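A.B. asks: For the record, the sequence lines run as chains E and A.
Heads up: the first sequence begins at 268 in the numbering used here, then just goes up one per residue.
Heads up: the second sequence begins at 442 in the numbering used here, then just goes up one per residue.
Note that these hints are calculated values from the structure, not bench results.
Keep in mind it's a predicted model, so treat the numbers as computed, not measured.
Warning: the hint list may mix true and false statements.
[To be verified] Calculated pairs, BS3-like style, for lysine-lysine (alpha carbon to alpha carbon, straight line, at most 27 angstroms):
#1 Lys573/E to Lys550/A
#2 Lys457/E to Lys589/A
#3 Lys457/E to Lys516/A
#4 Lys457/E to Lys568/A
#5 Lys512/A to Lys271/E
#6 Lys457/E to Lys522/A
#7 Lys568/A to Lys573/E
#8 Lys457/E to Lys550/A
#9 Lys573/E to Lys589/A
#10 Lys457/A to Lys467/A
[Unchecked claim] Here are a few chain E residues that face chain A, going by a calculated C-beta distance under 7 angstroms:
#11 Ala352
#12 Ser441
#13 Val442
#14 Ser445
#15 Gly454
#16 Ala455
Positions of the beta carbon are idealized from the N, C-alpha and C atoms, including for glycine.
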Amino acid sequence: MIIKKRKIFNAFFQGLCFGMAFFVISVLIAILVRVFFGGAGVITPGFLLKKPIEGMTAGGIFPAIFGTICITVLMIIMAIPAGIAAAIYLTEYTGKEFLGRVIRASINNLAGVPSIVFGLFGVGFFILFVGRGVDRIMGFSLAFGQPVMLWAAATLALLVLPVIIVTTEEALNSVPVSLREAAFALGATKWQVVRNVVLPQARSGILTGAILSISRGAGETAPILFTGCAYFLPRLPVFTIPYVHIPVINPLDQFMCLSYHIFIMATQSTNIEATRPIQYGTTLVLIGLTFLLNLSVIIFRIYFRKRQR
Amino acid sequence: MNTRHKTKEQIKTKVKLDGLTFYYGKYKAIDNISMEFFECKVTAIIGPSGCGKSTLIKAINRISEITNDVKVEGKVLLDNKNVYDRDVDLVDLRRRVGMVFQRPNPFPKSIYDNVVFGPRLYGVNNKKQLDEIVEYSLTKSALWNEVKDRLNHSAISLSGGQQQRLCIARALAVDPEVLLMDEPCSALDPTATARIEELIEDLKKYYTIAIVTHNMQQAARISDYTGFLLNGQLMEYNITTDIFTNPDNKVTEDYITGRFG
């Protein structure tokens, strides 16, 4: 009798786990299907390559796509070196000492801070403190002390930093002790061990951190809300170098962003009904763009893994 | 008795442990050991698992302190210089005292890059010089003929025995004076073990070799001197033939004849 009860419980538990997994997957599928059928119709070359017109009820979303790519790339460029350096410090230099534990606890808490708080911190710290300070010292009237792409990317970088640090730390810790020992036994200094043995081994793990942080950062709205994102801009945040006429991205300009674009179309537009298909289309583009950015890092990772062999 | 006298005249002390006591945290792994390792001789350390054999040789190149919290009392003299003195440069110490580990641990790089890893750390970047080091080290570790046509292949593609000989080549590439071997054959099959043993026989012409082994036949075959460790203490240390034919200590005899361990 007892055996039968045990078997029933086993079957029940298995069914429960399956049900939960199925629920999670079906939510994801429901979102993707809804967005796809709602938005696929409006996606045309013109939608992807033109700017919005008539109060966002017509035209395209190119400036927002451009801005999202710029800010995500800028965020990664800022967050990856800082995150890797912090993770190396934690795994290789502090260990389980008091300082290491304090830093680790801080990082975990940082990961739990709501994104709107990051946005406000970005305004207070980057724009008003750092930006205005730089302006005053350099004698600019108003260049750094205003909401611009640079500060928005920096705020996002802070937001994704815990993700990068934690995944990088895991990657560094998974490098076998035997390899470290081998290098030390040959007379390597700590830096040489990190540089020649640990980092090459951890490379694909570190890139996983980059993938996770792109997914996290590219779709965020709150941190960039006050730090540089614009409702509408008639031109791209591009700066042309005089004489040679090469256009470059200007990090000291405001920008449009897909996530914010969805938010304003859904809440601030003069004609919300008319923007609905565009909202779906923009959402689909945002999901697709995040996927593409991730894909590029994944290709990078495959390349590294192949070279390792 | 005659042999002992004869060798004693020719030999020179390379490494000398003087009252060495070694702690991992609060655990005393080695208890007041004094012994000598002689130049161009193979010294085997035998004893049951956990008796401190590995700790003993790892104390010589100070490799344990990388991953463990250690405390050391007494001295380890390398050419009469205590390696635990404050002014000792660990990088230089580990160049002079090479090590081969229990499990082959080649880097996931090419065979070539494995061998030149050490020299590159010291700033040798001349391609011709590196090529020479690779051929010299691999020849000495009896691997050259097997791998000379595929130096750019991954070291991971080699067999276990080949990997261990590669690790020996890697250690030889920085031109050490002492070679520490921590059960270098324990992960290998008998054929590969035999090759490593031949190699050790050959290498002792140039290096001072300290080898930890749990295989008593191996110690008897390849070593000139043998130390028997038990619970962190050196029970007996003598010429290998004496230890195996006529041990002074009853415990040594019991261990060697297989009564425990």
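A.B. asks: Given the proposed pairing of Lys568/A with Lys573/E, does the C-alpha separation stay at or below 27 angstroms?
C.D. replies: holds, 25 angstroms
A.B. asks: Would you check the hint for Lys457/E and Lys568/A, treating anything up to 27 angstroms between C-alpha atoms as holding?
C.D. replies: holds, 25 angstroms
A.B. asks: Would the pair Lys573/E and Lys589/A pass a check requiring their Cα atoms to be no farther apart than 27 angstroms?
C.D. replies: Measuring from Cα to Cα gives roughly 23 angstroms; hence the hint holds.
A.B. asks: Do the alpha carbons of Lys457/A and Lys467/A lie within 27 angstroms of each other, as the hint requires?
C.D. replies: holds, 25 angstroms
A.B. asks: Hey, does the Ala352/E contact hint survive, CB to chain A under 7 angstroms?
C.D. replies: violated, 21 angstroms
A.B. asks: Tell me if the straight-line CA distance from Lys512/A to Lys271/E falls inside 27 angstroms.
C.D. replies: At roughly 58 angstroms apart (the allowed maximum being 27 angstroms), Lys271/E and Lys512/A break the hint.
A.B. asks: When the nearest CB of chain A is found for Ser441/E, is that gap smaller than 7 angstroms?
C.D. replies: violated, 13 angstroms
A.B. asks: Tell me if the straight-line CA distance from Lys457/E to Lys522/A falls inside 27 angstroms.
C.D. replies: Holds, at about 24 angstroms.
A.B. asks: Does Lys550/A sit within 27 angstroms of Lys573/E, going by the straight-line distance between their CA atoms?
C.D. replies: holds, 12 angstroms
A.B. asks: Using 7 angstroms as the Cβ threshold, decide whether Val442/E counts as touching chain A.
C.D. replies: At 10 angstroms from the nearest chain A Cβ, Val442/E fails the 7 angstroms test, so the hint is violated.
A.B. asks: Taking 27 angstroms as the top limit, are the C-alpha atoms of Lys457/E and Lys589/A close enough?
C.D. replies: violated, 32 angstroms
A.B. asks: Mind checking the alpha carbons of Lys457/E and Lys516/A for me, to see if they're no more than 27 angstroms apart?
C.D. replies: holds, 25 angstroms
Checked against the numbered hints above, the structure breaks hints 2, 5, 11, 12 and 13 and satisfies the rest.
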